[in-house]
Structures are given as C-alpha cells and as structure tokens.
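Enquirer: With the hints as constraints, model all of the structure from the sequences given.
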Amino acid sequence: MAGSQNIGEASDNPVAINVTAMVDVIFCLCLFFMCSLHFKQLQGKIETWLPKDRGIFQGEASSLVKDEIAIVMRWDPTSRSTVSNIRFQKPAASEDELMLAVRAIADDYDRAGNTTYPLIIDAQPDVPWQDVVHIMDLCKRNNIQRIEFAAPERPIE
Amino acid sequence: MARKLQVQEEVSPNLIPMIDIMFLLLLFFMLSADMGQRELEEVVLPKALAVKEEKEEPGVRMNDKLVVNVFHRYDGEAKDCVPYKNAEVCREKKHWRIGIRGKDYTDLKKLEMQLKLEADPSRAAPMAKLSSGQKVPTSDRTVLVRADASAPYGFVQEVMNSCAKVGIYKLECGAARPPDSELKKAGG
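Chains as they are written, first to last, in this note's numbering: chain A, 1 to 157; chain B, 158 to 345.
These aren't lab readings, by the way, just hints derived from the structure by calculation. Treat the hints with care, since some could be wrong.
Pairs of lysine-lysine residues, derived as PhoX-like cross-links and limited to a Cα-Cα distance of at most 25 Å, are as follows [claimed, not checked]:
| no. | chain 1 | residue 1 | chain 2 | residue 2 |
| --- | --- | --- | --- | --- |
| 1 | B | K266 | B | K209 |
| 2 | B | K327 | A | K45 |
| 3 | B | K242 | B | K222 |
| 4 | B | K222 | A | K140 |
| 5 | B | K322 | B | K266 |
| 6 | B | K260 | A | K45 |
| 7 | B | K251 | A | K140 |
| 8 | B | K242 | B | K273 |
Now the stretches of chain B that chain A is said to cover, found in silico as 3 or more residues with beta-carbon under 8 Å [unchecked claim]:
| no. | stretch |
| --- | --- |
| 9 | 172-183 |
| 10 | 311-317 |
No residue lacks a Cβ here, since even glycine has one placed at the ideal position from N, Cα and C.
Expert: This is the structure in structure tokens:
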C-alpha cells in the first residue's frame, strides 16, 4: 500500500524535511512582491527640440525669414479652458479647425519644397501641461514631426 | 477497536502542490515587479496617442538617459490639495517639485548645475563662459521631461529653460498611451 501514501510522508523519506520555515519565507516574499507590485505603465515620449539661439548663446538667430508654424496657447480664466490659435490668426473654435489651419500651412511649405519647418509651441506659463501635450499629440498625428518650444523672453541686459 | 485506531490516525496535509503554487506566484510577482522604474517619481503623465514607445536605442542605454520629473508633492499640506485631487491644474508653486533620480532639484540653480554636469560628457568641446560671447558646442544629451498632467506649463518651461542654458536642446516629453479599452471607446 505504499503507492497510496503521500510523497511527503515520513515512511518514504528517511530524512524528514521541515518545510514550514520555507513556506513561511515564501509567504513573506509573496506578500512583499504583492504589496510592492506596480504594473508598468504604458508610457512613451514625444520628441521635441529647444531653440539653439537661446540660453548660453547670445548671438542672433541664423535666419530672419521665419519658415515656421507657431501655435500660441493661453489660459482663459473665465471659460477655464485653453485658447489656441496660430500666431497672427484669430483663435480657433475647435481643435479640428486649428489642425486644419496648421495642415494648410504645412501643405504650403511642402509644395514649396521646404520640409524642415518647425512647429513652435508658444504657451503661457499658466496653461496646463496636459493641454500642451495634447496639441503636440495632435500635431504628431497630423505628420508634423518637428516640434519646438518657444523660449521665454530674454531679460533686458 | 481496530476501527477506532484508524480514525485516530494522523492526517498530514500534502504541502507540495501548495508550495508549487506559491513558487509560481512568487515567480510571477518577481518578474512583473517594475524595479527598474523605482527612480522615477509618481507622476500622472498626460495622455497622448502619438507616443513613441520607450525602446533601447543602439548606443544609448536606458540607464544613461537623464529623466527630469516634475511632480506634485505627496507630503505636508500638498497631500490635501483639492484641485490636484480633482485632476485640475494646481497652480500652487510650493506644491511642485523637480526631481532627478529621487533627489530634489526644485532650486533652479541646483538644477542647472546638475544639468551642466550631465551635459558635459556629451559635448564636443568644453563649454565657454557666458561673458565670452563665443559660440559653444551644444550637448547631444537627451533629457526626458516627465511632468504631471496637472502641472502648469510654467514649471516645465523652467526645466526647459535650464536645459537651454547648459546647451541641451534635445528634449523628450513623457506621455502615457491610453489603454486600448479607452481607445476603442473614443473610436466608437
């Protein structure tokens, strides 16, 4: 009847191993990893650039002709929302309208053979970061690859 | 009598399947534990669909990447910040911290010094002094800015400004990809 006995029974093993301590340790380890479990968030990045003619560089920008698309973002406290528009244009009524205008300018540059134009985001400091990232996201989805940030005004020396 | 003796026999539970399961559970938790991300602060990243997945690039190890976190404090009076709890923008400057590898760099001078140290090895030549007016090479170091979605852009701009001052111009903005269930909802 030895076959019906449990594997761990003393009759099978002349040297009995006390597994209680091991089970305790495994329980503790399990508990630790369960408590510290932090599932990896699906996160990525959006590549951007800063202007090279700011910071330590006090020289003038290389080109005076501005081949760029600039989106100005400001926080409207009354409507508690961010208002965006292309520089020197009226505020866009919706994101779609803004992106249509951006795409129209980008298409003009493409037709002119200019493929290196940047899209510059010029946001006021009180605009929520989420809204800035949202505009960057929309631009990337509309095949605008080169996104730059406007540098803050230089202090008067 | 014989029957009585049988009843009194010791019942020993077979622990082996339980230990097997415990080992499997332990293995699962150990493998899924995200220990590599411990240096990153708890940041609620803004959501974006067009994010590039973080992958090891040839010649660039993930550990070499400089990550600057802009995060909301989770201690003191900032713990009970109502706008932040409601996922609104918290404009209280005291509630925000700038951190690199778990250390506080909210003081912009300290941040600039650290960024300069990080930027120097990737610079083609040593950085010239500000007063010289000479053009100096930029650094090829990339900085990943992980800012909280509820942070005002001004705090991120301060980090960007510090980067620009030390010649770092390659920036990456951390964003989270929404889960597929949310994408389906948005699409449908």
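Enquirer: Would you list, in rising numerical order, the hints stated earlier that this structure does not obey?
Expert: Hints 1, 3, 7, 8 not satisfied by this model.
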